[in-house]
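There are 2 protein chains.
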Amino acid sequence: MINYPIKRKTQVKTTNYANLGMTLESDIEATNTYYLNHGIAVIHKKPTPIQVVNVSYPARNKAKITEAYYKTPSTTDFNGIYQGKYIDFDAKETNSKTSMPLKNVHEHQIEHLKQVNQQQGIAFLIVHFKKYNEYYLLPAKVLFAFWDLQHDEEKGRKSIPYSAFQEQAYLIPFGYQPRLDYLKIVKTKLF
Amino acid sequence: MINYPIKRKTQVKTTNYANLGMTLESDIEATNTYYLNHGIAVIHKKPTPIQVVNVSYPARNKAKITEAYYKTPSTTDFNGIYQGKYIDFDAKETNSKTSMPLKNVHEHQIEHLKQVNQQQGIAFLIVHFKKYNEYYLLPAKVLFAFWDLQHDEEKGRKSIPYSAFQEQAYLIPFGYQPRLDYLKIVKTKLF
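Quick mapping for you: the protein sequence lines, in order, are chains U and W. In this text, residue positions in the first sequence follow this note's numbering: the first is 1, and each later residue adds one. In this text, residue positions in the second sequence follow this note's numbering: the first is 1, and each later residue adds one.
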């Protein structure tokens, strides 16, 4: 399976405290670095999977990849360990004010999160509502409920409404260090 | 940090049962697929980290990476969850009959395994002694002991002797399905 990279809209970097981060991903990576350096948790982003087709050796001992393609990841982007617990999540952003479209999540990611859940891991999404500049930790079980119901003619819908985030997800405070202290939510709400 | 890919010696594929696998890595991946399909554990190999320098779009919606380089991984290759426990390990092969050279392990991998250990994760190496066709699960703590002592003038050495594997590591049986049932060892010896 060959895939195309997702083009991110470049965000304007301002001195506004709430917009400190460039992207959700870099905010999470900065948070993970903070956790690691303070001995709080060991959580890393997985590298983007790339299918290498051709490699040349223009200089001695230096491999240059000259043809390669992005592949579809088979899991979520982030995983690791926190106080003996396995942590697994993905990060999603939405420009919508009313909901997070389910098409932001891939079928294989749902399957992976369900497998993690079955092994008693702590699985969730971090969802950034950009219009509100709000970050939510959405427990995987809430995600599964909406996902599994989406094709139901009566109750199904193609997105998770913002109201569901207010009621069934947890707001992650945005700070300076760490920027997105999602493990605080994990510990108080999901342990 | 730009790095070079490790050239693997191609192994001759024979019908010999013990040589079923092509490489240690593919044997572990086949084992992990077995674990996943049977609901036993969720353990994946992380993609090789690659620094992408140039991407072209020769056809509509199709990204072709035209310049990229291998990067040094910052962690081990494999991690995941097994019965609620966080699992983290790397795979090493050696042609030596007498020891596994410590240079097969990178400083950052040791650091990562120590961090995992501090968070109460289950950390180890799977080591293949190719000359004996034996696979050992080496608990991280044994690795740390040899690693930390290596510069000691009296007791230090640059490798872990084969005898230490026989005494302080666990032989992993090679089978058909799964090929390398390392989680059996994890459960009986490391839980």
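Watch out, some of these pointers could steer you wrong.
Which copy? The list can't say, so a pair holds if one copy fits it or any two copies do.
Lysine-lysine pairs mimicking PhoX-like chemistry, simulated, CA-CA at most 20 Å apart [claimed, not checked]: (1) Lys130 / Lys155; (2) Lys189 / Lys97; (3) Lys103 / Lys92; (4) Lys71 / Lys158; (5) Lys45 / Lys71.
I should point out that these hints are in silico values taken from the structure, not numbers from a laboratory.
Taking 20 Å as the upper bound on the Cα-Cα distance, should Lys130 and Lys155 be classified as within, between, both, or neither? Cα proximity of Lys130 and Lys155: none, with 27 Å in one copy and 58 Å across.
Copy assignment of Lys71 with Lys158, given that the CA separation must stay at most 20 Å: neither (25 Å within a copy, 39 Å between copies)
Intra- versus inter-copy proximity for Lys92 and Lys103 (alpha-carbon distance at most 20 Å): within (11 Å within a copy, 40 Å between copies)
Taking 20 Å as the upper bound on the Cα-Cα distance, should Lys45 and Lys71 be classified as within, between, both, or neither? both (16 Å within a copy, 14 Å between copies)
How would you label the pair Lys189, Lys97 (within, between, both, or neither) given a Cα cut-off of 20 Å? neither (25 Å within a copy, 52 Å between copies)
Violated hints, listed in ascending order, are 1, 2 and 4; each of the other numbered hints is respected by the structure.
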